[in-house]
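On the provided structure of chain P, position chain X as indicated by the hints.
Taken in order, these protein sequences are the chains called P and X.
Just so we're aligned: the first sequence equals residues 1 to 304 in the numbering used here.
Just so we're aligned: the second sequence equals residues 1001 to 1514 in the numbering used here.
Hints were generated in silico from the structure; no laboratory data involved.
Here the structure is a predicted model, which means the values were calculated and not measured.
Don't be surprised by glycine CBs; every beta carbon is placed ideally from N, CA and C.
Check before you lean on any hint, since a few could be wrong.
Not the full set, but computed from the structure, chain X residues with beta-carbon under 10 Å of chain P [as the list claims (entries may be wrong)]:
no.	residue
1	S1036
2	D1108
3	Y1214
4	P1216
5	L1218
6	E1378
7	F1379
Within a straight-line C-alpha distance of at most 20 Å, the following computed SDA-like cross-link-like pairs (lysine to any residue) qualify [said to hold, decoys possible]:
no.	chain 1	residue 1	chain 2	residue 2
8	X	K1289	P	V141
9	X	K1291	P	P51
10	X	K1291	P	L292
11	X	K1450	P	P217
12	X	K1291	P	E82
13	X	K1368	P	Q167
14	X	K1141	P	Q89
15	X	K1245	X	I1338
16	X	K1289	P	Q89
17	X	K1450	P	Q89
18	X	K1144	X	F1124
19	X	K1289	P	S49
20	X	K1291	P	G294
21	X	K1291	P	G81
22	X	K1368	P	V86
23	X	K1450	P	T229
24	X	K1291	P	N137
25	X	K1450	P	W225
26	X	K1141	P	V86
Now for the letters of each chain:
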Amino acid sequence: MDETRRNLIKGMLTGGTLLVLGIPGIVQAASSSAVFSGITRDCHLLLGSTPIGEAFATGARAACAYYGHGAQDSLVTSQLGETLLVDPQYTANLLAQSKNMRWIAVMDYAHAAIFTELVRNANGRLLALGSHVSASNTDAVLSLRHRWTTASPAYSAGGLLASMLVQNERSFSIRENFLMASSHETRLMNALLPQFSSYGLANQSATHLHCAGITLPEASQLAGWETSTSWDSLATRPAASFIEHLPLGNWIETTGYAVVAAALGMGIHQEACAQRAFVHRPGNRNLDHDGLAGQQFVSFVIDV
Amino acid sequence: MTSQYIALPKGVSEKNFDAAIHDFRKILGDAFVLTSAEQLAPYIKTMMPVSDAEHTPSAALLATTVEQIQKIVAVCNQYKVPIWMISTGKNLGYGSAAPAERGQVVLDLKRMNRILEVDKDLAFALVEPGVTYQQLYDYIKEHKLGLWLSMPAPSAIAGPVGNTLDRGVGYTPYGEHFLFACGMEVVLANGEVLRTGMGSMPNSNTWQVFKWGYGPYLDGIFTQSNYGIVTKFGFWLMPEPPAFKPFVIQYQHEEDIVEIVETIRPLRISGVIPNAVVIAHALYEAPVKAKRSDYVSGPGSIPDEAVYRIMKDHKLGIWNVYAALYGTQEQIDVNWKIVTQAFGQSGKAKILTEQEAADDPAFAYRAKLMRGEMTLTEFSLYNWRGGGGSMWFAPVSQARGSETLKQMALTKQILAKYGLDYSGEFIVGMRDMHHIVDVLYDKTDPEQTKAAYQCFDELLTEFSARGYGTYRVNTAFMDKVAETYGPVQRKVHKTLKKALDPNGIIAPGKSGIR
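Bound conformation, chain P alone (with noise of 0.2 Å):
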């Protein structure tokens, strides 16, 4: 086992140890997992046109503040408005101009669609592409859709992010496709959340899907397979895991926090697969949406 590898592995158990203790135990943790993933990258935020930036913007400097060391504890943010449809070279030249940056960018689809080719004529490098939609209809199954496209798993935030949104009661579904299914990560199995059944695709163990208060049928046509779909039971479960209990005050802020932990390289609930999903839905089948149904943005984690 390479060294950091090793000292990731601790770091999560003995934070989940600490953690029972009702200690904190994630920092320590967060020094090893970003010693793996190599951040020594200066983190931004950059906030496009969308309403939801501030509110993202809260949960990923509580993300910045808890799990950063160093010069990485605040982040530095900047606000690009409007200015992506109206002057994209404005942005070019900041991407251009950027030298071994990692930016998390969170705008709304019209400017995402131009953000995505602009990032591809800076030679950037797209780690973790997400796609986030709270449904405006009261009647929707699930109230809250993540997707992502994420280079690896050791980019996820979707365990984090699932681990989060199932304590406030939210129903949701998070689908996650890796491009590449990192080898090393196979030692991650056990980081799997307790509070949901989890599957892996009979003959096909890439692909995961994890389920709570929600029939595995049902579950697998929300994420965005079949109903008929054959899973196995992963019989894998987790001696701990990490709970985090942070005063986020709504799924924004909740996935902004997940977001910023991700790109930190913090390296929480992650899994060797090529797609995963988590899908919940509450008994109470609580639809607050925290006054923000409709809401939708897109966020980026780049290096450039």
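What follows is chain X alone, placed relative to chain P:
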């Protein structure tokens, strides 16, 4: 054993692909052969209702010279590795930068971005594929050349080569872009370099001024095709007119579209209105001013009652006709009289000049596009429903009023069946009319994604059954559209492909050609 690549080309072993990548690196250098997931992720977002995995590239190559491309095709032939070319890769809603098939290697030509020549007197440009409209616009301004560009809605970030090769359009009198193309340089699959038209003749200086050359005209076979890699491209530019008068004409009833088209056609064919006339439905314009969720929250397509509220709240017609007059002030004055008389006859039209509509953001961006200026405002469409899903449905018909209502009714009926909105416009080219519909859906919703796929499939089926051919389509539906044009055309396309690219290395699947 886990592959070190995120995808492999169909039928190519990892060992052979390794060897090809090794050779590509020798040609381009390590930094310009991209294989990691993080580097390739920006090439994958497609907006189509299919898994992005179906369009995941195995690598991307950033070439800068014709010689490099010649060497790349030699490697591709050796290992049977397919490549997918992009110039700037902004084919948004048609597949973006992603390849048609999983595992194809993207040949990204963005670094070939030299403006080779802009001739002020003869009003033409010769550029490489990576040149953007913004780049050319800045060049023309900097050198005070007094020339205008014609560009599609993604303007600044897109480029003339990719747009024209996919037979895209713009909004000035030079808006039918391929009509104004003049001369190409093409790297063929065997590595030979062809210059079309007069470009084949040594010492000729007419490559960018006379399109036809001698013998069969070849430029057309390099558009919407996979017969070669265009590395230089000539096209004509519009001299800046002394005066320009954009206007919008609003109508309040959907059935007025018949009268609108009947009024426009003679004005277009006679040249009174020299640019393609856009007839935008209220829902196409609404995203510039409003959000869908401000008006509806439940499932299903937006009801007419909500559309009328949007029109009222945001001073939109149900149809909003955008056009412009170009020329000297005297010419414009004469033509303006003809236009206002023609549209004013029925008493249904509300004609607004630039002065009267100056504060309207929808008018402002349309006016910019009609004068060849940069604006990305039309991207607001992606915020209408959100969720990142978009496909352009683009059937073509005769420019007759009688072709409009039945098309619109059929489109709305099919969209409503799947709970989607009609974000549509008609564009009167000259004798033809494009019906452009952005099929917008929420890609985070698996049910809606599935519905969007079925909806688009049904639109193609029903329209083609009625003789409406699609002029351009996203990469997920290219085979289906190719099929609608009949077996003989497909056979000819394949025959050409086999002759020019026997190993099938250049963009297999483009326009359904393999």
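X/K1291 paired with P/G81 [C-alpha distance capped at 20 Å]: holds, 17 Å
Restraint check for X/K1289 with P/Q89, where alpha carbons must lie at most 20 Å apart: Violated, at about 24 Å.
Pairwise hint evaluation, P/V86 against X/K1141, where the allowed Cα distance is 20 Å at most: Distance ~18 Å between X/K1141 and P/V86 Cα, so the pair holds.
Hinted pair X/K1291 and P/N137, Cα distance within 20 Å: holds, 14 Å
Interface hint outcome for X/F1379 [beta carbon to chain P under 10 Å]: holds, 4 Å
20 Å limit on alpha-carbon distance, applied to hinted pair X/K1450 and P/T229: Answer holds: X/K1450 to P/T229 is near 16 Å, not above 20 Å.
Restraint status (C-alpha distance of X/K1291 to P/G294 at most 20 Å): holds, 10 Å
Agreement of X/K1245 and X/I1338 with the hint, judged by alpha carbon distance not exceeding 20 Å: holds, 14 Å
Holds or violated: X/K1450 to P/W225, with C-alpha atoms at most 20 Å apart: holds, 11 Å
Per-residue hint verdict: X/L1218, partner chain P, C-beta under 10 Å: Violated: closest Cβ of chain P sits about 31 Å from X/L1218, beyond 10 Å.
20 Å limit on alpha-carbon distance, applied to hinted pair X/K1450 and P/Q89: With Cα atoms ~36 Å apart, X/K1450 and P/Q89 exceed 20 Å; violated.
Hinted pair X/K1289 and P/V141, Cα distance within 20 Å: Outside the cut-off at roughly 30 Å; violated.
Consistency note: the structure conflicts with the earlier hints numbered 3, 4, 5, 8, 13, 16 and 17.
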